[in-house]
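Undergrad: Start from chain A and add chain B according to the hints.
From first to last, the protein sequence lines are chains A and B. In case it helps, the numbering used here puts the first sequence at residues 1 to 214. In case it helps, the numbering used here puts the second sequence at residues 1 to 214.
Bear in mind the hints are in silico, worked out from the structure with no lab data behind them. Be careful, since some hints might not be right.
Because identical chains cannot be distinguished in the list, a pair is counted as satisfied if it fits within a single copy or across any two copies.
[Said to hold, decoys possible] Calculated pairs, DMTMM-like style, for lysine to aspartate or glutamate (alpha carbon to alpha carbon, straight line, at most 25 Å):
| no. | residue 1 | residue 2 |
| --- | --- | --- |
| 1 | LYS195 | GLU174 |
| 2 | LYS195 | ASP143 |
| 3 | LYS177 | GLU98 |
| 4 | LYS208 | ASP170 |
| 5 | LYS101 | GLU205 |
| 6 | LYS102 | ASP164 |
| 7 | LYS177 | GLU22 |
| 8 | LYS72 | ASP170 |
| 9 | LYS72 | GLU174 |
| 10 | LYS195 | ASP164 |
| 11 | LYS195 | ASP170 |
| 12 | LYS177 | ASP156 |
| 13 | LYS72 | ASP143 |
| 14 | LYS102 | GLU205 |
| 15 | LYS186 | GLU210 |
There are 2 protein chains.
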Amino acid sequence: MKIEIVKNILEANDQVALLNRETFNNLNVFTVNVMASPGAGKTSLILEAIPRLNSSVAVIEGDVASSIDSEKVARFNIPVVQINTGGNCHLDASMIREAIKKLSLEGIRYLFIENIGNLICPASFDLGEHIRIVISSVPEGDDKPYKYPGLFSTVDAVILNKIDLLPYVDFNIEYFKNGITAINKKAKIFPVSCKTDEGIDSWVEWLKGENRYK
Amino acid sequence: MKIEIVKNILEANDQVALLNRETFNNLNVFTVNVMASPGAGKTSLILEAIPRLNSSVAVIEGDVASSIDSEKVARFNIPVVQINTGGNCHLDASMIREAIKKLSLEGIRYLFIENIGNLICPASFDLGEHIRIVISSVPEGDDKPYKYPGLFSTVDAVILNKIDLLPYVDFNIEYFKNGITAINKKAKIFPVSCKTDEGIDSWVEWLKGENRYK
Chain A
1 MKIEIVKNIL EANDQVALLN RETFNNLNVF TVNVMASPGA GKTSLILEAI
51 PRLNSSVAVI EGDVASSIDS EKVARFNIPV VQINTGGNCH LDASMIREAI
101 KKLSLEGIRY LFIENIGNLI CPASFDLGEH IRIVISSVPE GDDKPYKYPG
151 LFSTVDAVIL NKIDLLPYVD FNIEYFKNGI TAINKKAKIF PVSCKTDEGI
201 DSWVEWLKGE NRYK
Chain B
1 MKIEIVKNIL EANDQVALLN RETFNNLNVF TVNVMASPGA GKTSLILEAI
51 PRLNSSVAVI EGDVASSIDS EKVARFNIPV VQINTGGNCH LDASMIREAI
101 KKLSLEGIRY LFIENIGNLI CPASFDLGEH IRIVISSVPE GDDKPYKYPG
151 LFSTVDAVIL NKIDLLPYVD FNIEYFKNGI TAINKKAKIF PVSCKTDEGI
201 DSWVEWLKGE NRYK
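Chain A on its own, in the form it takes in the complex:
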């Protein structure tokens, strides 16, 4: 009975996600679903990408509460919509459908959707995005792909952020990478630091290459 309800919710979500994807396709807006733990660096990574894309960018900021992140993004003078989910631990396609009504997507080439800080539920909800990435940060530990296979198995790229902290924490990068390739052969892995900018150019170049509308 419980499983039936969950199945219905996910099917309804997929229908709306399909509509969202159609909207993005019609307007040539390449859309990226950004997922991560709290504090892994979702906003920082988006802020690093914006000036490097040389293109029109919009952002949808998901958070349980507060507008701290959307205020940071708004300083770049780009369109941004904040979704506060209240108690909800993930974004769903209907929330995105509402948010894009408030965004002028005409002429936008990249739309980043910053999901809720959570490595579990966001994995199950298609938002209509073209690619999904997860950011995992060095201080969180090298076991995250083993502990959260549901999310790591669905992404197109894993961004390993805060590599500037590698000298100060125990982190085996081979163990981390092996955990990803065991469940997801296609995922690209980009070690980066939003603090020192190391590796940022590589992942932005990859993102540009993935954009079918550029």
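TA: Same frame as chain A, now just chain B:
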């Protein structure tokens, strides 16, 4: 309609939590619900406490997948039960009810319940614990109490872990503390490092003081 369902689920959970608390009270088992983001240091903090408590300890390990953490705890030769929730992003009282059937709680004085790595949903589910703590780690950033007020407002203590990383990241400890006291006047705040052991003794002493059964 949706709200009604959530309300029913939470009411049913509270009934079972009441039974759990009765079991713990009858057996004089002081029970601690440990919540945090993925990789904030839940297992490490529990492992630091075990040898300092000079008392019989048991652990319930919650995880979406894997038994990495319960294997670490089992090395201490103490009773440990692993709950793998599959896709579920929080523990609930019924899972704990099942888990304690597999634990021999006779003579146990401290039971740690390591919740799922998530700062959102665990806040809503009473497990029957006596106290609840959240671990927030320095690299996650100083804005966590502002972004996750639902959880930070319900805890008895906030453990700020990984203070050994303070020299390498931007973290304003006053801003962090103000975010907590604005929504939770009673919460104690313990800055610690599970790596250098700094501050660990203070929080374990506090824990001993809170234990009404010692």
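Undergrad: So, for every hint listed, does it hold in this structure?
TA: Hint check results:
Taking the shortest Cα distances, LYS195 and GLU174 sit within 25 Å of each other both inside one copy (23 Å) and across copies (22 Å). In this assembly of identical chains, LYS195 and ASP143 lie within 25 Å of each other by CA distance both inside one copy and across copies; the values are 23 Å within and 17 Å between. In this assembly of identical chains, LYS177 and GLU98 lie within 25 Å of each other by CA distance neither inside one copy nor across copies; the values are 37 Å within and 35 Å between. In this homomeric assembly, LYS208 and ASP170 never come within 25 Å of each other (Cα to Cα): the closest approach is 33 Å inside a single copy and 30 Å across copies.
For a Cα distance limit of 25 Å, the shortest separation of LYS101 from GLU205 qualifies neither inside one copy, at 29 Å, nor across copies, at 54 Å. Taking the shortest alpha-carbon separations for LYS102 and ASP164, neither the intra-copy value of 38 Å nor the inter-copy value of 43 Å comes in at or below 25 Å. Taking the shortest Cα distances, LYS177 and GLU22 never come within 25 Å of each other, neither inside one copy (34 Å) nor across copies (45 Å). In the homo-oligomer, the alpha carbons of LYS72 and ASP170 lie at most 25 Å apart only across protomers (16 Å), although the nearest pairing inside one protomer, at 31 Å, exceeds that limit.
For the identical chains of this complex, LYS72 and GLU174 are inter-copy neighbours only, at 20 Å across copies versus 34 Å inside a copy, given an alpha-carbon limit of 25 Å. In this assembly of identical chains, LYS195 and ASP164 lie within 25 Å of each other by CA distance both inside one copy and across copies; the values are 8 Å within and 18 Å between. When the C-alpha separation of LYS195 and ASP170 is checked against a cutoff of 25 Å, the pair qualifies both within a copy, at 19 Å, and between copies, at 10 Å. Proximity of LYS177 and ASP156 under a CA criterion of 25 Å is satisfied intra-copy only: 14 Å inside one chain copy versus 37 Å between copies.
Proximity of LYS72 to ASP143 under the C-alpha cut-off of 25 Å is restricted to the inter-copy arrangement: shortest distance 13 Å between copies versus 30 Å within a copy. In the homo-oligomer, the alpha carbons of LYS102 and GLU205 never lie at most 25 Å apart, since the shortest distance is 29 Å inside one protomer and 52 Å across protomers. In the homo-oligomer, the alpha carbons of LYS186 and GLU210 lie at most 25 Å apart inside one protomer (13 Å), although the nearest pairing across protomers, at 50 Å, exceeds that limit.
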